[in-house]
Structures are given as structure tokens and as C-alpha cells.
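Please work from the sequences and hints to get the whole structure.
Each residue of the sequence shown is one higher than the last, beginning at 1 in the UniProt record's numbering.
Treat the hints as calculated values from the structure; they're not laboratory data. Wrong hints could be hidden among the right ones.
The calculated SDA-like cross-link candidates involving lysine to any residue, where the alpha carbons are at most 25 Å apart (straight line), are [as the list claims (entries may be wrong)]: (1) K263 - E89; (2) K310 - G138; (3) K171 - D290; (4) K308 - E210; (5) K55 - P129; (6) K15 - P265; (7) K226 - P245; (8) K15 - N94.
Per label pair, the in silico range of CB-to-CB distance [claimed, not checked]: (9) G289 - P215: 29 to 35 Å; (10) A298 - N115: 48 to 54 Å; (11) N264 - G231: 20 to 26 Å.
Cβ atoms here follow ideal geometry from the backbone N, Cα and C, with glycine treated the same way.
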Amino acid sequence: MEKYVTLEEYREMWKSLHEFLSHQPAGQPSVHSEVDGINLPLGMTTVLEAFRHFKVRQDDVWMVTFPKAGTTWAQEIISCVMYDGNLEEVKTKNTMFRVLFLEMNLPDPIRKAKNFPLIHEIAEEMPSPRVLKTHLPGPFLPPQLWEKKPKIVYVMRNPKDVVVSYFYFLKMMNPTPDSLNESFGEFFDRMLTGSAFYGPWWDHYLYFWEKRKEPNILLLRYEDMKRDLRGNVEKISRFLCKNLPAEKLDAITDYCTFANMKKNPMTNQDYVFAQKDSPYLSMRKGIVGDWKTHFTVAQNEAMDALIKEKLHGTGLTFEYE
1 MEKYVTLEEY REMWKSLHEF LSHQPAGQPS VHSEVDGINL PLGMTTVLEA FRHFKVRQDD
61 VWMVTFPKAG TTWAQEIISC VMYDGNLEEV KTKNTMFRVL FLEMNLPDPI RKAKNFPLIH
121 EIAEEMPSPR VLKTHLPGPF LPPQLWEKKP KIVYVMRNPK DVVVSYFYFL KMMNPTPDSL
181 NESFGEFFDR MLTGSAFYGP WWDHYLYFWE KRKEPNILLL RYEDMKRDLR GNVEKISRFL
241 CKNLPAEKLD AITDYCTFAN MKKNPMTNQD YVFAQKDSPY LSMRKGIVGD WKTHFTVAQN
301 EAMDALIKEK LHGTGLTFEY E
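Dropping the structure here:
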């Protein structure tokens, strides 16, 4: 992506987008779209149209997550592994230039003013092997993904912590009047009904949970990564057929701790996305169990009932603390 834009220019484009969003009237439908009953962010119709004809490569690495399930964390580990543990080279490129987010289209007026191409056009020009990421639900992904069968890493996180992390993240990334004024209780209700961006978390999770035994799919859990980061770095290395030596796995593990990533401008993305003087940052706490400081007793009971209903009989369970 650096062929088309510097990090500073990209930051300015996102400042323009945030300015655009902040001046939208409350209840303005133009800042999101609905496709097949799924609420999606601005610009997704262009992405979905491109995905119908997107040319997947067999040596691609795809990372798929529901938002705030550990995306930035996992993508950095994957990128470090794909760079064969060459951290000196990794440190020279921002994570968004190493891992292309396929939904990162800007509104046409902003994009065209900067002569910035559509994201799928950038993806087509990327050299192999590409590392690509998306939050889109499984049914919306390119048909060739299931024909070419590239490596797919799917990351999931307990839904209670996802609710909390997602709530704060949208305050930073989607600063519309609706988002900024939305209370935690209101957002919780949207997550409970599946009307937040990218749809019901349970459908998103279960689509890939049911494919977990396919050899080209690696399913990771945020809570496992917190408990044993080194083991998961090694698991990712083996899955990507890199089989890095112990010293490189150790170095990647240290580089990709939450504390180190949060203070690293090449990984935390605050330089591009965080607003001046805003309390909302892209990497907040990185812990398991933060939901306990936010959920009321009634909210916890409602989420427990939903989890029991949606996951019953699937074998999918989570750790919550």
C-alpha cells in the first residue's frame, strides 16, 4: 500500500473521514449499509461487489475475525512469522502496510481527491505471499476462498469481552453523533440482537467453528494466546509452514506482547486512527475479564442466556476470566 500513500497521507485521509462522520446528523443511514440483514460500515457495498470476483491466491494468508476478537494482535504475529522472524525489517513498516485490511475503503470523495485506489485494486498488485484480513462474515467472503483453499487464521474471543472492547473501539473509529452519544447499555443491546456492525457474533463464530477441522484453517482463541503466547506463536509458525527456530519464536513472542505492541507506533495504529485529545485508543487493556467492570447483573444474565441458546450443542465454549 505504501506504493500509493505515505503513512502521513493516510492519516490525513482518515482525519478527513472522521471529520465527515462527526458532522453526520443523528440517525443518518448514509454512514452504514445493510446487506442480507447484516449491518455493515460505510463503503461495504463496494467491497462486497469486488469480493464476488476477487482473485484468491493459493499462497495467500487470510486472517478473519469478528471485530475486537484479537485482530491486531494476531495479525502482528502472523506478519512477523511471514517475515521469517526478521524483526528489524518488520519494525520499518507499519502493520497496516504489511497486512492489508480489505474493508479499508474510504468514501469516494475523499479517496478520489487523493487519487487513492480501491483496496481490492491494491490487493491485486501485491506480491505473493499476501497477508490479508477481513471482518466480514463467512458467507460474504470471496467464492474462490473455498476453491483455492489458502491458509486461513480465524481468531475468536469470549463475547463478553468483545462487547466491551468493541464499544470503546467504535468511539475512536466511527465518531458519528450516534456512536459518540451511545451508552454502553445501548451498545450492549445491539450486540445482544446482532445489529452491531458485521452482524451477530455467534453466526460469525459458528461459521468457522464448523470448519475448524479443515486443514487450511487454524482457529485461535484470544484467551489461549493470553495464557500461552509462546505456544501460540509456535502454532502459527507451524501452520504457516515456517517452522522457525526457537530463538526467533522467542523474539516474536517478546515483540508481540500486548504491552510492547501498545507502545509501538508500528503496531498500535493510534497515529493514524486516534483523534487528538481523545481518550479512545486502538489498544486499550488487552485483558481477559474486563466485562466484569462493565456488565450489570441483568446484562450478564442476558448474555449468559444468549450464549446458552446460540451455542447449545455446538461444542463451542469460552473462558471469561
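(request) Mind listing which of the numbered hints don't hold for this structure, in increasing order? (result) Violated: none.
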